[in-house]
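Participant: For reference, the chains in residue letters:
There are 2 protein chains.
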Amino acid sequence: MTRIVQKFGGTSVADIPRIKHVAGLVKREVDAGNEVAVIVSAMAGTTDQLERWAMETAPEHGKKEHDVVLSTGEQITCGLLSIALQAMGVEARSFLGWQIPIITDDNHTKSRILNIETGDLETFLEGGNVAVIPGFQGVAPGQRISTLGRGGSDTSAVALAAALRAERCDIYTDVDGVYTCDPRIVAKARKLDKITYEEMLEFASQGAKVLQTRSVAMAMRNHVRLLVRSTFEDVPGTLVIGEDEIMEQSVVSGIAYNRDEAKITLVQVADRPGVAAAIFGPLADSNISVDMIVQNISEDGKTTDLTFTVPKADLEPALSTLKKKRKDLNCVNILSDAEVVKISIIGVGMRSHAGVAHMMFSTLADKGINIQVISTSEIKVSVLIAEEYTELALRALHTAYGLDAD
Amino acid sequence: MTRIVQKFGGTSVADIPRIKHVAGLVKREVDAGNEVAVIVSAMAGTTDQLERWAMETAPEHGKKEHDVVLSTGEQITCGLLSIALQAMGVEARSFLGWQIPIITDDNHTKSRILNIETGDLETFLEGGNVAVIPGFQGVAPGQRISTLGRGGSDTSAVALAAALRAERCDIYTDVDGVYTCDPRIVAKARKLDKITYEEMLEFASQGAKVLQTRSVAMAMRNHVRLLVRSTFEDVPGTLVIGEDEIMEQSVVSGIAYNRDEAKITLVQVADRPGVAAAIFGPLADSNISVDMIVQNISEDGKTTDLTFTVPKADLEPALSTLKKKRKDLNCVNILSDAEVVKISIIGVGMRSHAGVAHMMFSTLADKGINIQVISTSEIKVSVLIAEEYTELALRALHTAYGLDAD
Numbered sequence: 001m002t003r004i005v006q007k008f009g010g011t012s013v014a015d016i017p018r019i020k021h022v023a024g025l026v027k028r029e030v031d032a033g034n035e036v037a038v039i040v041s042a043m044a045g046t047t048d049q050l051e052r053w054a055m056e057t058a059p060e061h062g063k064k065e066h067d068v069v070l071s072t073g074e075q076i077t078c079g080l081l082s083i084a085l086q087a088m089g090v091e092a093r094s095f096l097g098w099q100i101p102i103i104t105d106d107n108h109t110k111s112r113i114l115n116i117e118t119g120d121l122e123t124f125l126e127g128g129n130v131a132v133i134p135g136f137q138g139v140a141p142g143q144r145i146s147t148l149g150r151g152g153s154d155t156s157a158v159a160l161a162a163a164l165r166a167e168r169c170d171i172y173t174d175v176d177g178v179y180t181c182d183p184r185i186v187a188k189a190r191k192l193d194k195i196t197y198e199e200m201l202e203f204a205s206q207g208a209k210v211l212q213t214r215s216v217a218m219a220m221r222n223h224v225r226l227l228v229r230s231t232f233e234d235v236p237g238t239l240v241i242g243e244d245e246i247m248e249q250s251v252v253s254g255i256a257y258n259r260d261e262a263k264i265t266l267v268q269v270a271d272r273p274g275v276a277a278a279i280f281g282p283l284a285d286s287n288i289s290v291d292m293i294v295q296n297i298s299e300d301g302k303t304t305d306l307t308f309t310v311p312k313a314d315l316e317p318a319l320s321t322l323k324k325k326r327k328d329l330n331c332v333n334i335l336s337d338a339e340v341v342k343i344s345i346i347g348v349g350m351r352s353h354a355g356v357a358h359m360m361f362s363t364l365a366d367k368g369i370n371i372q373v374i375s376t377s378e379i380k381v382s383v384l385i386a387e388e389y390t391e392l393a394l395r396a397l398h399t400a401y402g403l404d405a406d
Numbered sequence: 001m002t003r004i005v006q007k008f009g010g011t012s013v014a015d016i017p018r019i020k021h022v023a024g025l026v027k028r029e030v031d032a033g034n035e036v037a038v039i040v041s042a043m044a045g046t047t048d049q050l051e052r053w054a055m056e057t058a059p060e061h062g063k064k065e066h067d068v069v070l071s072t073g074e075q076i077t078c079g080l081l082s083i084a085l086q087a088m089g090v091e092a093r094s095f096l097g098w099q100i101p102i103i104t105d106d107n108h109t110k111s112r113i114l115n116i117e118t119g120d121l122e123t124f125l126e127g128g129n130v131a132v133i134p135g136f137q138g139v140a141p142g143q144r145i146s147t148l149g150r151g152g153s154d155t156s157a158v159a160l161a162a163a164l165r166a167e168r169c170d171i172y173t174d175v176d177g178v179y180t181c182d183p184r185i186v187a188k189a190r191k192l193d194k195i196t197y198e199e200m201l202e203f204a205s206q207g208a209k210v211l212q213t214r215s216v217a218m219a220m221r222n223h224v225r226l227l228v229r230s231t232f233e234d235v236p237g238t239l240v241i242g243e244d245e246i247m248e249q250s251v252v253s254g255i256a257y258n259r260d261e262a263k264i265t266l267v268q269v270a271d272r273p274g275v276a277a278a279i280f281g282p283l284a285d286s287n288i289s290v291d292m293i294v295q296n297i298s299e300d301g302k303t304t305d306l307t308f309t310v311p312k313a314d315l316e317p318a319l320s321t322l323k324k325k326r327k328d329l330n331c332v333n334i335l336s337d338a339e340v341v342k343i344s345i346i347g348v349g350m351r352s353h354a355g356v357a358h359m360m361f362s363t364l365a366d367k368g369i370n371i372q373v374i375s376t377s378e379i380k381v382s383v384l385i386a387e388e389y390t391e392l393a394l395r396a397l398h399t400a401y402g403l404d405a406d
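Protein sequence lines correspond, in order, to chains A and B.
For the first sequence, position 126 (counting from the first letter as 1) is numbered 126 according to this note's numbering, and the numbering increases by one without interruption.
For the second sequence, position 198 (counting from the first letter as 1) is numbered 198 according to this note's numbering, and the numbering increases by one without interruption.
Treat each hint with caution, since some may be false.
Note: identical chains are not told apart, hence a pair may lie in one copy or across any two.
The calculated lysine to any residue pairs, modelled on SDA-like cross-linking and capped at a C-alpha distance of 25 Å, are [said to hold, decoys possible]: (1) K63 x G24; (2) K63 x L125; (3) K20 x M55; (4) K20 x D48; (5) K27 x H61; (6) K209 x G402; (7) K20 x R52; (8) K20 x E60; (9) K209 x T109; (10) K27 x R52; (11) K194 x D105; (12) K63 x I16; (13) K63 x I100.
No wet-lab data here; the hints were simulated from the structure.
None of these values were measured; they are calculated from a predicted model.
If we strip away everything but chain A, and leave its shape as in the complex, we get (with noise of 0.2 Å):
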């Protein structure tokens, strides 16, 4: 018996007809003979409307109650998937959190899983039943009922999947996979058939929203196969795997882009020792992260310019918090810019290739674009410039890495 967990997003349980269809698609894997147990996200909205009451009730409140109310989304769910899965002649039950138990630390509204209690639901499985799991959720000391953080049903599934020893962890969404770019802008883009970790992993953190960092990271430390499919389209997915799993490895895999930065330039700030420190800790305490930096040369020795990257939402608490320490930066002058986008070229296989880097600047200079910054990984080479240029930039790289499709 081959068992797989299978888990379905908000969108594709957002209303009955679709909990009927998701059942099928739960049905399909049991009778092709296989063990399942299923994750399943709040209807779509629901976790919403719950975030809402919670907020008017009181802005500020505590975190574990928050927990008990936003948990009961996925709980109907689940319920609801169980009685359209006996409908259909399916031996299921739902499984809460605190009933398998699903334990997690104590940090409610992000709570981390520490261990899966996964010895009644083995049982279960291996007696031909479909288990299914609200995602998000666990429980947490003390009994209270604990919460992953948004998006963490990905995560549930693939912790799940690690300590069922499952064979795939199957991904469904409203996307039917991975694209070498967003298909939405580039015509030719290509579902890739597998991906590696590492890709995956930078194709998230840089604003392809198909699955969610945290649970990428644990499915590579965990080794569980992941496969990005469609709820709505019978059609192959991305399977997400190990590096080791792909024979054959294209030097880029894919485009990103992200249009959520924004660029602060410090002007002039002197360039000695301590300064780097003393920009980079308020903006650090005030808890706004910083992701590409870039410092020119010092042409006279004494000062630099000194450019970098932070969340659109945070440009402002930024640049408030860096105009109080301004005095103790000395520069002349903070200059700032939204209106960028940061476009990252991915792949493992650029770890042995020369050249990769340069042929993304060739391609942004031949189209007449200024890049603004430049940073890179083993595997990622990302480039900010100006964001009326997105679709041109990435179009114009997706041809000239071989990525369109035929």
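Using the hints provided, position chain B relative to the given structure of chain A.
Facilitator: Showing chain B alone in chain A's frame:
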């Protein structure tokens, strides 16, 4: 310290402003130095929505999963009220059915409470903290969530008050107490300060929907003092207590009516042993409960007319069941009438007073109202009359028994 249980129904917690208002009512009791445990219903409309979803998923479905879905309604209110209390500076937390635990049998969707393990709860209350507990639910063997059936929150409140040996169980609702008669019909109806359990049971079963019959019976068995009061108006309510606590008892405490019954008459049915069993056996098998029964005196010694009432909703099924048995019953005709009302005068004082029933019959006769069926118990007299006389009869009886407000 006085320990009390407060119970708030669905209309009392229908939206966030009302939940905040309810938090104020809880805080008032805390500020008065009481130990307070609170039972809440689901926000009005929520249980219906959950039930519709379950029915839409599969009209016939497993009761255990039904309970998983339906129990979320009270869980939401529970978390939100705890948040509202914390925002007012009251130390409060939710205790779900499985956390306490409230142990029930496994008769899912209409479970009975077997035991409430109050140890942790009492320690918590003694610390001056407020426990907020979802009504209508508990945990059945196998650690499955169970529910107590519609209106089960009253039962939860009474059971908790009994287990905690609470001084009082306050039932907050959208009416401000128990009246001598429905004030929408009898303008001179008075609110009762006190009423006995026995009378309240009769009121409840006669169609006055202030409290669930089941919860009143449980309060009587366990000597739990109930206070029915308004969530929305700060006025004294009605205390429901034992007969021994009421010094002076009026002969008739109030008048109830019920339009939900229909009358069936079997004309000239054989007057021999076993006939009643032949009639009521098949009805019981069809799960139809029969209320008033009257068998006329046999004129010829061979046949008799038999009249009884069933719930209006069961009239058609009852008639079709009887028609199938008509040959066995050997009756001349089967008549039915849905245009009837049952009117009951209720009072523990009538045990020691003669002439109470006679006043009812003569008052109705004076108004030209024909009595179709009579049934009596120790503390009530009920008559069935044509529905069109409902208002006339209620007002006349209210005056005749001296119940009118000054």
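Participant: Among all the numbered hints in the text so far, which are the ones the structure does not match?
Facilitator: Violated hint: only 11; rest satisfied.
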